[in-house]
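Chains as they are written, first to last, in the working numbering: chain B, 1 to 301; chain W, 1 to 312.
What the hints contain is simulated information worked out from the structure, not anything from laboratory work.
The beta carbon of each residue, even a glycine, is placed where N, CA and C say it ideally should be.
Hints may be right or wrong, so weigh each one.
[As the list claims (entries may be wrong)] Here are the in silico distance ranges between beta carbons for each label pair:
1) B:A204 to W:Q167: 28 to 36 Å
2) W:L268 to B:E290: 49 to 57 Å
3) B:T133 to W:Q167: 55 to 63 Å
Chain residues, written in single-letter form:
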Amino acid sequence: MNAPSSTMADRRADPPAPSPSRLRLPLVWLRRAGGGWLMRGCLLLLALFVLIALFAPWIAPQDPTFGELGNGFAGPGPDHWLGTDLGGHDTFSALIEGTRTSLAGPLAVVLFSTTLGVAVGLFTAWRGGWVDTAVGRVLDILFAFPALLLAILAVALFGKGLTAPVLAMAIAYMPYTARLVRGLTAQEKTRPYIAAYQVQGHSAVFIAFRRLLPNITPTVLAQSTVNFGYALLDLAALSFLGLGVQPPTPDWGSMINQGQAAVLQGQPLSAIVPAVAVVLVVVAFNVVGENLGDRLAGRES
Amino acid sequence: MNTAPAPAPVPTPAPASPGGPLLQVSGLRKTYSTGGTQVVAVDDLSFSLHPGGALGLVGESGSGKTTTARMLVGLERPDHGQILVQGAPIAATVRGRAARLARAKAVQIVFQDPYLSLDGRISIGTTIDGVLRLHGCGDRAARAGRVRELLAQVGLGDRESAALPRQLSGGQRQRAAIARALAVEPAVLVLDEAVSALDVSVQAQVLNLLSDIRRDTGIGLVFVSHDLAVVRYVCDEALVMYRGRTMEHQPVADLLTAPRHPYTRLLLASVPRPGWDPDAIGRRRRALDVLPGDTGSPTAPTAPTAPTAPIA
Chain B
1 MNAPSSTMAD
11 RRADPPAPSP
21 SRLRLPLVWL
31 RRAGGGWLMR
41 GCLLLLALFV
51 LIALFAPWIA
61 PQDPTFGELG
71 NGFAGPGPDH
81 WLGTDLGGHD
91 TFSALIEGTR
101 TSLAGPLAVV
111 LFSTTLGVAV
121 GLFTAWRGGW
131 VDTAVGRVLD
141 ILFAFPALLL
151 AILAVALFGK
161 GLTAPVLAMA
171 IAYMPYTARL
181 VRGLTAQEKT
191 RPYIAAYQVQ
201 GHSAVFIAFR
211 RLLPNITPTV
221 LAQSTVNFGY
231 ALLDLAALSF
241 LGLGVQPPTP
251 DWGSMINQGQ
261 AAVLQGQPLS
271 AIVPAVAVVL
281 VVVAFNVVGE
291 NLGDRLAGRE
301 S
Chain W
1 MNTAPAPAPV
11 PTPAPASPGG
21 PLLQVSGLRK
31 TYSTGGTQVV
41 AVDDLSFSLH
51 PGGALGLVGE
61 SGSGKTTTAR
71 MLVGLERPDH
81 GQILVQGAPI
91 AATVRGRAAR
101 LARAKAVQIV
111 FQDPYLSLDG
121 RISIGTTIDG
131 VLRLHGCGDR
141 AARAGRVREL
151 LAQVGLGDRE
161 SAALPRQLSG
171 GQRQRAAIAR
181 ALAVEPAVLV
191 LDEAVSALDV
201 SVQAQVLNLL
211 SDIRRDTGIG
221 LVFVSHDLAV
231 VRYVCDEALV
241 MYRGRTMEHQ
251 PVADLLTAPR
261 HPYTRLLLAS
271 VPRPGWDPDA
281 IGRRRRALDV
291 LPGDTGSPTA
301 PTAPTAPTAP
311 IA
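Looking at chain B on its own, in the form it has when it is part of the complex (with noise of 0.2 Å):
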C-alpha cells in the first residue's frame, strides 16, 4: 500500500499556495454547520473516524491479525467488546485496525482524481476550442466506465491489492471533477476580474491556479467528499470480492467477506458490524458533500 507517498505527492501538485482564508475554511464550515442535527452529527461521525483511523494501533484492545484458536464466534464480552470471528481474531480491534486501510483507499482515490480532474478541467476549459471538445469526448467514454468495473480489470491486469484498484478508481472518478470544474471554469472566465487580471498582464497560467481556481474551490471539495463516499463504498465491495486489501491486513470489506459463511452459521455479528461501519461513514460523507453543496448553490444565487 503506497497510499501515504502518493497523498504527499498530491499535496504537492496541487496547485494554490495555502493563503490564510482557505486553511480556515473547514474550521469556519464546522462552526456554520449548526444547519441541522443530522449535519452535525454526520460531522462528528466524520471527526470520530478519522481519529481512530490516526490512532488505531493505540486503541485497539488486541493484535487484529492474532486468531486464538478455539475462541471463534465468543459472544461480546469484557474480553471481546464485539466478540469474535470464525477464527477469533478480536472483532473490535479489526474494525479499529480496518478503519486505517478503509479510509486511506478512498483518500488516496480521491486525492488522485481531484488532482487530476481539477487539472484536466482547468486546463480545457481555459483553453477551449478543439482541445476542449477532445478531452470532453475521452471524458465522456471514461463516463461510461463504472469505477469498480475499470478496477477490477486493473486487479485483473496488475494483481490484487490496494494500488491497481486504487489507480483504477482514481481514473474513473477523475472525469465527475473534471467536468464540474470545467463548467465552473468556463463560467468562472467570464466574469470581469477574470478579464481584469488578463489586463493587468498576469499570466494565463497565474490567474487559472492562482486566481481562478481558489475561487471554485469549496466547489469542488463539496464534489470530491460526495466522491469519498462512494470510493469506500467501491473499494469496500472490492475487498469484499477478495479483489482488494489481502488478510491478514484488517479491512471492513474483507471482514465482511469473511463474515459471510458465518452468517450462514448463524453468527452474523462478526459481519454486521463492519457493515455498519461502511454505511455509517458512506452515509456521513454524502450528508456531508450535498450540504455543502446545496450550501454553496444557495449562496450563489
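Assemble the complex: chain B is given as a structure, and chain W must be docked to it using the hints.
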C-alpha cells in the same frame, strides 16, 4: 439618464501635444459569427486621442462600443485595423511576460460592474499590491506606500484597503477598480460604462474624480457610455456609434447643441424629460433602421454583445 451631475465644467480641450496623438485607432473592424451569420460589431472605426484628452464613445446596446473597449485592452482581437498607443502598435496577440506588461502599461480598463470586476477573495489593498508587484514596483514597503497613495487618490483609506470587495459599497468598489487600473500607470484608461451601475450621487463623485485624475496625470480617457449626460460631463469629444459604424464625431458641446446625424438627434430625444413621447421616439427609431447603405436585418446588429454582456 436625466440625472446628470452639474453641467459641463471640463470642455477645455487640452492643447495638441507636440509628440502626436496618445492613442490612434484606424480602420478597426470586428465581426462575430453567430450560428453561421456574420455580424459586424465594429466597422471601420477610426479616432485619435491627444494626451490628456477624453473621448466619449456613445451608442445604444449593440452599437459596438463595448467591443471597441475590449479591443483597446486586448480582450478581443480586431479583424482589421490598428491601434497605436504613443505611436507603438498594440500587438493583436501577446507572447511572453514583457509583451504582456507593455500592453498593460499602454491601456487599462475599468469595467461596468464593480461587483463583478473585483476578486471577491482578495482585499483591495492586496489586489493593488499584486498589480504593483507584477509591474515591478519596488519592495514591500515601497509598494505599501504606493498602494496608500493610489487609494488616497481615489478617496479611499486604510479601512477600505484592508476590506474585501463585498464589505464596500458600489461607489467604493468602483473607486478601488479605478485605483487598480491606475496602479499600472497606463497611457490610456478605458471606462466601459464605468458609472452606469452606480447611483446618481456616487456617479457625480466618480466623474469628478476622473476629471481630477485626468487633469493631474495627463492620462487619456476613453469613456464608453450610453449616457450623453455623463459623456458631456467628462469628455471633450464624442463619437456616436450605431451598429458598429461611426455616425458622427465632434466636440461634445457641438454634438449636444447641433447634432448632425439623425441618430444622434434620436439619442438626444430619447433622454426622458418633461413632454417626452416614447411612441414618437419609437417611430423615429424604426425609421432609422433603414439607414442608407444598411444591408443587415434590423435585429442582427443587436446580437453581437461581447461576452461581458453589457446591460446598457
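Now for the hints, and whether the structure bears them out:
At roughly 29 Å, the beta-carbon separation of A204 (chain B) and Q167 (chain W) lies within the given 28 to 36 Å, and the hint holds. The hint said 49 to 57 Å for the Cβ distance between L268 (chain W) and E290 (chain B), and at roughly 56 Å that hint holds. For T133 (chain B) paired with Q167 (chain W), a C-beta distance near 41 Å fails the hint of 55 to 63 Å.
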